[in-house]
Amino acid sequence: MRTILVVDDEHDILLVVDLLLSEANFNVVKASNGKEALARLAEIRPELVLMDVMMPVMGGLDTLKVIKADPEYKTIPVILMSALPPRISQQEYKWDGFLQKPFEIHELMSTIERVTGGKKSDEK
Amino acid sequence: MRNNLIKIVKDEGADSYARKLPEQVLSEAIARANEAERTRDELLAIAGHEMRTPLTAMMLHLQALESLASANPDRVFTSSEIVARVQMPITLLRRLSTMLDRLLDTSRIRTASAVLHLEPADIALLLKNAVTRFEGAAKVAGSKIELHAPEGVIAFVDSLGMEKALSNIVSNAIKFGRGAPISVELHTAGEYFYISVQDHGVGIAEANHLGIFKRYDRSHTLDDEKSHGLGLYIAQEIVKSHDGTISLESKLGVGSIFTLKLPLRKLR
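The listed protein sequences correspond, in order, to chains A and B.
My numbering applies: residue 874 is where the first sequence begins, and numbers increase by one.
My numbering applies: residue 25 is where the second sequence begins, and numbers increase by one.
A partial selection of chain B residues facing chain A, derived with a Cβ cut-off under 10 Å: (1) 74; (2) 77; (3) 79; (4) 80; (5) 83.
Note that these hints are calculated values from the structure, not bench results.
C-beta: ideal position from N, C-alpha, C; glycine also.
Construct all of the structure, not just a fragment, from the sequences and the given hints.
As structure tokens, then:
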């Protein structure tokens with residue numbers, strides 16, 4: 874089963890994204906801030922990271938910088954989620970997808986498909 | 025902006041302006057109108073950001089329900105299935121409603137604070153009002169609020185704003201006070217008056233002492249407590265607009281003391 878690491882300090886978002894992606898046959902691993910996400914990355918090898926930008930302890934942009942600077946993790950695609958407009962430089966932060974809140978299911982699913990190279994959730 | 029400007033000129037009163045040069049009056053009024061506009065824009069930004077997250081969760085949840093029903097047109101859902109599926113959107117709607125109330129409340133106070141309505145106020149009475157308002161909540165939390173405020177401390181403050189700042193700090197002490205007594209004290213020294221609110225609750229780690237006053241900060245939250253990260257930020261903004269400061273002494277597991285330092289008599 875394909876694993877997605879979902880990172881958000883909002884419990885409601887973690888809960889509903891977990892529900893949706895589990896129903897689409899993904900294995901969802903959750904973290905509530907960037908520090909927790911990096912700890913999870915050391916334990917699992919997700920196919921994708923879906924991460925909020927504004928979080929306490931360690932925010933999404935700082936976490937993204939660590940991921941993209943690490944030779945072991947840098948190829949893992951990262952989709953950012955934010956309530957702010959997508960003015961975060963793709964060139965500087967190297968994010969692979971951007972979802973502006975509030976987004977819809979089809980946007981979430983199509984962005985996941987696009988950044989993972991169009992694979993469907995039941996493909997290995 | 026023109027309306028703001030006219031309102032400010034009216035609020036300040038004709039006498040004080042008669043003593044100033046027209047250019048100075050205009051320049052001050054424009055600066056303050058700009059400040060009021062900046063405040064409004066900032067509030068809209070907070071509202072936009074804070075509300076998009078529950079809206080996202082609600083949208084995704086309801087769309088998932090719609091997809092489930094569309095994919096199974098003949099399926100009859102049981103009452104418990106329906107309850108389980110609508111529970112989260114209802115909770116989110118309640119959160120949005122509380123958030124909206126709070127932001128509108130904040131908007132009124134912050135717009136007012138950009139054009140302060142300073143008037144002589146009995147600080148002990150303000151404290152009594154703020155404490156009385158939270159007696160019920162304190163009782164539920166198992167805390168008792170002890171107020172030590174000598175009468176006769178009169179200062180020029182915006183009463184509505186100051187009551188709001190005090191309320192936010194007292195409600196914070198109740199939330200994180202672990203049911204222990206809370207002490208609210210007033211004293212004066214030199215040209216200032218000091219209000220301290222002390223709890224014996226969870227405390228705040230030193231690394232978070234500065235961040236606690238920032239917008240959206242949630243480092244001072246309990247697992248079961250949903251904070252919008254605005255209360256202490258709002259309190260600080262109100263106190264700052266009175267040329268005052270809020271300081272914090274706190275230790276994890278021991279408790280916190282928030283101290284407000286404000287000028288006794290100062291006209292802007």
